[in-house]
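Each chain is listed here by its residues.
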Amino acid sequence: MMRRSTEVLVIGGGATGCGVLYDLAQRGFKCLLLERGGLSMGTSGRFHGLLHSGGRYVTNDPAAARECIEENMILRQTMPHCIENTGGLFVTTPGDPPDFADLFYRSCQQVGIPVEEIPVAEMLKREPLLNPGISRAFTVPDATVETWAACQSLVHSAAAYGAEALTYHEVVEVLVSQGKVTGVVAKNRVSGEQMTIECDMLVSATGAWGGQIARLAGCDLTIYAGKGTMIAMNYRMVNTVVNRCIPPHDGDILVPIGTVAVIGTTSVRVDDPDDYAIEDWEIKLMLDEGEKLVPTFKKFRPLRAWAGVRPLYQEKAAGADLREVTRAYTLLDHLPRDGVDNFITITGGKWATHRQMAERTVDLVCQKLGTERPCQTAFTELLAPEGRKFYSLGERLRKVEMGEWPGQVICECELVTRPQIEETLARRDENIINDLRRDLRLGMGPCQGGFCTYRAAGIMHEQKKLPARETNKALVDFLQERWKGSLPVLWGQQLRQTILDEGIYLGLLGIDKLPVDLTGLNQPRVAEVETEGYYKVGGGGS
Amino acid sequence: MGRYDAVIIGAGLAGLVTACQLARLGQKVLLLAYGHGALLLASGCIDVLGFQPASSIEPVTDPLSKLADFLEERPDHPYRFTGRDNIEAGLTAFQALVQAQGLPYLGAADRNWLLPSAAGAVHPTCLAPASLANGDLSRGGRMLIVGFPELRDFYPALISQNLNEQALGVRAEPLLVDLPPVPISDDQNVLPVELAYVFERPDFRRQVIQRLKGQTRGYDRVGFPAVLGIKRHAEVMADLESGLGKPVFEISTLPPSVPGRRLLEALRQLLVEADGRMIIGAQVVDGLIEAGRVSQIRFESANRPKVVKAENYILATGGIYGGGILTDADGGIGRVWEPIFGLPVMAETNRHRWFAPRFLEPTGQPFANFGVRVNQQLNPVDENKRPVAENLYLAGGVIAGADWTRGRTGDGVALATAAAIVKQITGRIYADGASAG
Amino acid sequence: MALQQADLDEITLSIWKQAQNTADLCVKCNICTSFCPFSNVTELFPGPKFVGPQAQRFRNPHEMSVDNSVDYCSGCGICTLVCPHGVKVMEMNSKARYKLYRRKGIPLRNRLLGRSELLGMISSPVAPVANFFLGNRLVRIVVEKMMGVHRDAPLPAFSFETFRGWYKGVHRKAGRQRRADKKVVYFHGCSTNYYEPRVGKAAMAVLEHNGYEVIVPEQACCGLPMLSNGEFEAARRYANKNIRSLVDYARDGYIILGTSTSCTLSLKSDYQHILDIDTEEARWVSRQTYDICEFLLELADAGQLKTDFKPIEATLPYHSPCQLKAHNIGLPAIDLMEMIPGVKIKHVQADCCGIAGTYGYKKEKYQISQDVGRVVFDQVKAANSALGVCDSETCRWQIRQATGLKMIHPIELLAQAYGLNYR
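Residue numbers (the working numbering), protein chains in the order written: chain A, 31 to 572; chain B, 9 to 445; chain C, 1454 to 1876.
Next up, chain A with everything else stripped away, as it sits in the complex (with noise of 0.2 Å):
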């Protein structure tokens, strides 16, 4: 078996362990981490893309919204190219609590949030499509992230100090030798080859798969999956992220990300990260909601719905409603609580937060190193090759329209090139399109990939020379993804749009005969459709 040896072992993949990478790497140390499957692909990858200006925490959970507006600042300086500047609207919409709004106001001023009332009129100058029988708005400086982006911009600013990051590798065991953990097995979930790495440290930033981590190094330790479910709504409907002034509620944001619009979300219990159900009563009730927000709702497009799971820890649980657990972060070193050293958690929080937590969480490896190593990555920018200022809607257009992004596009919905498609997969090993998907947003339009699917196959198959059935398996694979997000949302438009899809793949190209095999890796996981009330999808994972 392969070994190898770092200082600083991370697991996960999403905004917090690639931010706890790139601090250590900045700080000097030599770090090393592992995702099980590709970056962002937990939560990270999974929430609506809000950078919170904190208003949403303002009454109920100051300390919090204090942070996360700190960090909003921070952010929109080191990582500006991430970030789309669309600003926040907070309105009352009718039957809402109409006093709630003062009290939102006074909490922001004194939590320090930057808050204006703006008149009715000018808010639907600004979002014509938003309720015209909303009576009060205020704006926030809310933003939206492109979270791949930001992942994949850590961990590329990570290499520049020589870290690096190891995807499609999952920790099977971690090794304890006298109550001190000195490193992990972990395996190649592509090749199916196993390695021994040692560390000096570990941290685990699993999110809320951190139970199941942690258990591994023998600690108890129960983090609660609070699931989320979201869908993105085809049309982009509104410009600014609205949210209603209310105590929090379930879908009562819309978030304009990239080119779709995202409602969200609800909250429930589900005791296992990777095997929950997205329900009837959610896809529902969140289409009830935003109708609310924007009154005909219901006759734009849903494309797909999806589901993250918040990890939710508090050392003494709350009751049934888990937006009672606090949304603030929690360090826990296991020395102390479990007798297990070199061990560090880090988990709960949102993304806003991602980098103070990163910064707290290297903060306590210095301490148990014996090192003093001040933290800078609230003041240097991340690595940005396409340039330094906040991402803007148009970009792709204008670039393909100047022809500063040359090449056929491939994905038309996305504008997704072919010199894009080859230098990504040029940089992996795994030829999976989903994680073209992930990296180059290939897939998320409208025809969720009836089109860039195949063409996206038939050039790896040339770039990579691979046989015919490893591309027809990730073809296969691809679609069935796509149909599973689908399901839940699938009636009117899009499944007109879901059986061109049908026609053109098994219709037209007869994938459906091709010889496919499905073991390993890529095997689609059944979704498996219930008669009453929601439909399996499967969690995380690929």
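Just so you know, the hints here were simulated from the structure itself, not pulled from any lab data. Just so you know, these numbers come straight off a predicted model, no measurement behind them. Even glycine gets a Cβ: it sits at the ideal position worked out from N, Cα and C. It is possible that part of the hints are untrue.
To be verified - Covered by chain C, per the in silico footprint, the following chain A stretches (three or more residues, Cβ under 8 Å):
{"#": "1", "region": "424–432"}
{"#": "2", "region": "466–477"}
{"#": "3", "region": "520–529"}
Stated by the list, open to error - Each pair of labels, with its calculated beta carbon distance range:
{"#": "4", "chain 1": "C", "residue 1": "Lys1557", "chain 2": "B", "residue 2": "Arg225", "range": "49 to 57 Å"}
{"#": "5", "chain 1": "C", "residue 1": "Ser1698", "chain 2": "A", "residue 2": "Pro149", "range": "35 to 43 Å"}
{"#": "6", "chain 1": "C", "residue 1": "Leu1591", "chain 2": "B", "residue 2": "Pro112", "range": "53 to 61 Å"}
{"#": "7", "chain 1": "C", "residue 1": "Lys1621", "chain 2": "B", "residue 2": "Arg343", "range": "58 to 66 Å"}
{"#": "8", "chain 1": "A", "residue 1": "Pro149", "chain 2": "C", "residue 2": "Arg1555", "range": "52 to 60 Å"}
{"#": "9", "chain 1": "C", "residue 1": "Leu1840", "chain 2": "B", "residue 2": "Ala116", "range": "45 to 53 Å"}
{"#": "10", "chain 1": "C", "residue 1": "Glu1791", "chain 2": "A", "residue 2": "Asp318", "range": "55 to 63 Å"}
{"#": "11", "chain 1": "B", "residue 1": "Pro61", "chain 2": "A", "residue 2": "Pro436", "range": "42 to 50 Å"}
{"#": "12", "chain 1": "A", "residue 1": "Lys495", "chain 2": "B", "residue 2": "Val185", "range": "15 to 23 Å"}
Starting from the known structure of chain A, arrange chains B and C on it as the hints suggest.
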């Protein structure tokens, strides 16, 4: 009093062929359609029965012989109402129609071509235009599959490898050739239809042939993506075959389909020559049924609905994809309806029962069978099997049970139902310019 | 003031329709692109799907326009007609072009081409002189260099006598028919007024022959040339002027007839779907607007059209303008003309003659326009006829320029068949 004998709603294969045949038989027809649809998205061939059972990967070689088995497995399929006779009649009539337009379709009801798909799978089809039929895999031999890097909708290496893997008796090899400069398109993002227009230019073809010279040695035939001309397709084919000295065939690729477009143009031309009228872009909003007959339909013009009256009405609006059957949902409750006449639809209200867990579910997706039930005369019927309107006929995918994907039966259903309806209305079927019973 | 639920539904539905122009419905099938007459002849236009529902996903209303290629959309509207899902591609492109020009600024040439009424007002009184100059090759070359109007673009000749001038003068002197019950309103448009008053005269003659009194109210340019050049504000001014002028007639049940399929399409549809003038008045005017052939055919179907046609033995090529197709009324001109004994119409099988309003006049688009139109010109020439028929003025000028064939409006054929002396 009406200007028209028959109004056909929907310009898919079913609608167009019905309109053409009725017009040829002397009827005054009006074809109304909300855009052009499925004809342009499919391969351009006529699929009658491709796989039986649907889960089989062995293609059917003789569709008619498998019909009985097929109907046993799928008793609700429209073939039950058309019967074998109408399938055969429909195919013959179709061949006569397109032959007259200089776009002959080769084949017969008792034999399937086995054509290569653009993914290298086997596409069993009953009638195919010559350029596609030339790719029949049962002919064996060595085939060179030519692709162009500028055309992103075609990957010869994948096609060849998949064909070779399946031990079909052919040996396929890929060749990528750079196109000469494409005058009408951004060089990189050429649509198959654009490329087809460009191939109609002799000097462009000459340069392509030049680039292929010497590379076709040792091969029995040369395959291209289906981009070899639209109106001047025959000329393009002849030129390439003589220039390369080899038989040439085409493989249909991603929509919009060029062979489908050729077929559409041929059928449109037919309808014009037979003095039929066509309005594309007009959405039919409703139809009135009074005393068991349709008395009128209304369609949207740019500013106001217009009324049309006729003796007979044919609904060929397609299934869910065609927009002939609409769907909506609220939570787990699904709603499925036929929007023009409000005909009773056979469907599930529990939306969970619309889908199978796997996208590639071999037996198909339940929603593919949603549609309106018909009787032997192809009138729509209610739950008690009584006809809803005696002068209303249903053709094609709008009929319940017409899942066209899995069995590969869609085109056969279109032609068979068209034939049955034309016979119902006129007592005749068009064939060869004279009437044949 | 709290909005009532009913108000909300009305407003929000209207906003929804306006806001997306149905981009949400696109399934990316590219059927629109495959039928686009323009993207199939030039690489400068990537196609209606690309610049329409696809690019729309990347347009942030609060940001500047980022794409130029939408300028090469001609506005012919074939894309909208062939889309099986109801995406209003052409309308979307028009709006995107408006946004583009807000950023770029509208060049003087486009403003001038958009102002057919103004051009007519200035030039018509000096028509012989204006026509002389514009017929001069050297002048045209200078105009091309300075203004960007192609030297060979099919500019029509100004008419010294305007239609309105004739209507108020000669026609009034001849004594107008006054029938209490049978009155229609005639929207003549700039082309009839300043370039081809004979079309208006033929229309009047035919209508009066059938017992109608024709009212010609105050009216302005329909605004379409401005609209198609992205000058929405100006187009809206003209549109509102026309609506004000016509709405009372509409409400009183008068039919508003037009002989230009472009003008009538504006009244029927563009005001609402492109200019977003979605008022009750606009809807009244829209509902009551008819193309003249559409109207006369309905009369014929009701047995109310006079059929005392003298035979005309002729096989004539007829081109249905793209704008006529967008009316979705079929081909009433053909059915009407074939009521004349001896007339056989050869319908040109093509979607667009290429002129597309003011598009084909522009230097950078002239060749594209000619390439698009070739399929029409070839068929017209092959018909070997003494004349050709078309209901749109710019199409007539384009086809005449390219083929040398004399082109008339269908109503002129009818007038001739009735034996009416309308010239």
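Results for each hint:
1. Taking a C-beta to C-beta cut-off of 8 Å, the region 424–432 of chain A contributes 6 residues in contact with chain C, enough for the three needed, and the coverage statement holds.
2. Restraint check on the region 466–477 of chain A versus chain C: 3 residues with Cβ-Cβ distances below 8 Å, three needed, restraint holds.
3. Beta-carbon proximity to chain C at under 8 Å applies to 3 residues in the region 520–529 of chain A; the threshold of 3 is reached and the given coverage holds.
4. Checked against the hint of 49 to 57 Å, the C-beta distance between Lys1557 of chain C and Arg225 of chain B comes to roughly 55 Å, which is consistent with it.
5. Roughly 36 Å separates the CB atoms of Ser1698 of chain C and Pro149 of chain A, a value that falls within the hinted 35 to 43 Å.
6. Distance hint for Leu1591 of chain C and Pro112 of chain B: a CB-CB separation of about 56 Å, consistent with the stated range 53 to 61 Å.
7. With their beta carbons about 59 Å apart, Lys1621 of chain C and Arg343 of chain B fall inside the hinted range of 58 to 66 Å.
8. Take Pro149 of chain A and Arg1555 of chain C: their Cβ atoms lie about 25 Å apart, and the range 52 to 60 Å is violated.
9. At about 49 Å, the CB distance of Leu1840 of chain C to Ala116 of chain B agrees with the hint of 45 to 53 Å.
10. A hinted range of 55 to 63 Å for the beta carbons of Glu1791 of chain C and Asp318 of chain A is consistent with their spacing of about 56 Å.
11. Pro61 of chain B and Pro436 of chain A have their C-beta atoms about 48 Å apart, which keeps the hinted 42 to 50 Å range intact.
12. For the hinted restraint 15 to 23 Å between Lys495 of chain A and Val185 of chain B, the CB-CB distance of approximately 19 Å keeps it satisfied.
Hint compliance for this structure: hint 8 is the single one not met.
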